[in-house]
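Student: Spelled out, the chains give:
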Amino acid sequence: MIVISEVSKWYGTAQVLKRCSTSVDKGEVVVVCGPSGSGKSTLLKCVNGLEPFEQGRIVVDGVAVGDPATNLPRLRARIGMVFQHFELFPHLTVMRNLSLAQIKVLGRSEQEAVDKGTRLLDRVGLSGYAHKYPGELSGGQQQRVAIARALAMDPVAMLFDEPTSALDPEMIKEVLDVMVALAKDGMTMMVVTHEMGFARQVANRVVFMDKGEIVEDAATADFFGKPHSERAQMFLSKILQH
Amino acid sequence: MFGNFDFDVIARSLPYLFYDGMTFTLTLTALATMGGLAFGTLLALARLSSVAPLSALAAAYVNLMRSVPLVLMIFWFYFLVPYIGQWLTGAGQPIRVGAFASSLVTFTLFEAAYFCEIMRAGIQSIPRGQVAAALALGMTYPTTMAYIVLPQAFRNMIPVLLTQTIILFQDTSLVYVLSVTDFLGAASKVAQRDGRLVEMYLFAAVIYFIISLAASRGVRIIQRRTAIVR
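Protein sequence lines, in the order shown, are assigned to chains C and V.
The first sequence: position 17 = 17 (the working numbering), numbered continuously.
The second sequence: position 95 = 95 (the working numbering), numbered continuously.
Treat each hint with caution, since some may be false.
[Stated by the list, open to error] Short, incomplete list of chain V residues facing chain C, as computed with Cβ under 10 Å: (1) Ala134; (2) Ala136; (3) Leu137; (4) Met139.
[To be verified] Far from chain C by the CB rule (all over 10 Å, computed), these chain V residues: (5) Leu14; (6) Pro15; (7) Leu26; (8) Leu42; (9) Arg47; (10) Phe75; (11) Arg96; (12) Gly98; (13) Ile158; (14) Gln170; (15) Ser188; (16) Arg193; (17) Ala205; (18) Ile221; (19) Arg224.
Source of the hints: derived by calculation from the structure; they are not laboratory data.
In this text, a Cβ means the ideal position worked out from N, Cα and C, and glycines have one as well.
Take the sequences, apply the hints, and build the full model.
Tutor: Listed below in structure tokens is the structure:
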């Protein structure tokens, strides 16, 4: 579904991604972790073309992201993305947040879009919030709306960029629950997160990045059991202590 | 000290002052605001464009407009527009342009430069994540601008835009240099005809004060109503 091969990226002279290669198969959940500044969010944003990259190749569902001939809006419409800071549109109601892109991008009718939005709000446990504005919702609720907004486009894969790291601790679970349910439904997911419990529970593979490199790319059990790189061992020992 | 003042002159000239004068002033203000806002938004988009010549051109325009006194602009346009019109249409002689049309063009072009800067600040105040979220949903750049960025930018900018409009309302009085009957022009004509300069100019000042003050109070109310809950 997502194939990343030999991707390198520079900000000026600073190289932020170094020949990164990995893949996410259909129905697979891959967790990307690593210390901050390791390039994991940047790699994720390369997948739907929000960040350009200078070298290498990324193919999503048969479409080459870096190819200038690629219709990026059309490709992005098929890849859901959830952001660290939710990025709901604050001037629109929850329902309008869910329906706008369905109408403007997919050409669905208002009725179809609202029906779809209603079903998804129900699925993330927020029916009854359709007419609220994002500012009236808690962080956890906003992130669940953001997930519903991405799902409304019927994506072939979902990208999560640290979806819980801006949340208060008591709200993390409600968002992870939605993500776990999504994974169990067979959604293809690439998730940048520090939530190792989530990784253990649903990830097929864990990709560990450090300083722009993919240091380890292993099946979940292997990664937590016996990571073979020293850097991954150190990262795990720090993050799993508490 | 008001003993030898004749305030009756005001009462006698009220229909002329408001029906002729104020109508002109308000129409000019409203139309120039709308035109300036539309053109100013385009200018702002051009200034923020990644196409270098486009943004340089827009920047040059804004700087030029903001560096020339408005009175001079009003004069220039009044004398130039007929010739530009002749050149554009290929007519045999300068086309006749009324003072209203000429001042409308001037104020629209002039205000566009100020609205451009306000809009530019407004657009830049929208977090980049909002644009990323819209693009990630598959929206094109124009759709993102039209439905996500500009509506939020406008809401943030409403107080400044309306304040600029109030300034425009006062600035339209400069059309007196074209001997146009705007509100101040009407007051001025009555003042000269009846020799009641102090009364008429005092009255005009009071009216401008009342309208501007009421409008800025209105701005504050609108500001509270349109604020986005964050």
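Student: For each hint, tell me whether it holds in the structure or not.
Tutor: Verification of the hints:
no.	hint	result
1	Ala134	8 Å, holds
2	Ala136	4 Å, holds
3	Leu137	4 Å, holds
4	Met139	6 Å, holds
5	Leu14	44 Å, holds
6	Pro15	44 Å, holds
7	Leu26	30 Å, holds
8	Leu42	21 Å, holds
9	Arg47	23 Å, holds
10	Phe75	42 Å, holds
11	Arg96	46 Å, holds
12	Gly98	41 Å, holds
13	Ile158	12 Å, holds
14	Gln170	31 Å, holds
15	Ser188	45 Å, holds
16	Arg193	53 Å, holds
17	Ala205	40 Å, holds
18	Ile221	19 Å, holds
19	Arg224	15 Å, holds
Every hint, counting from the list given before, is met by this structure.
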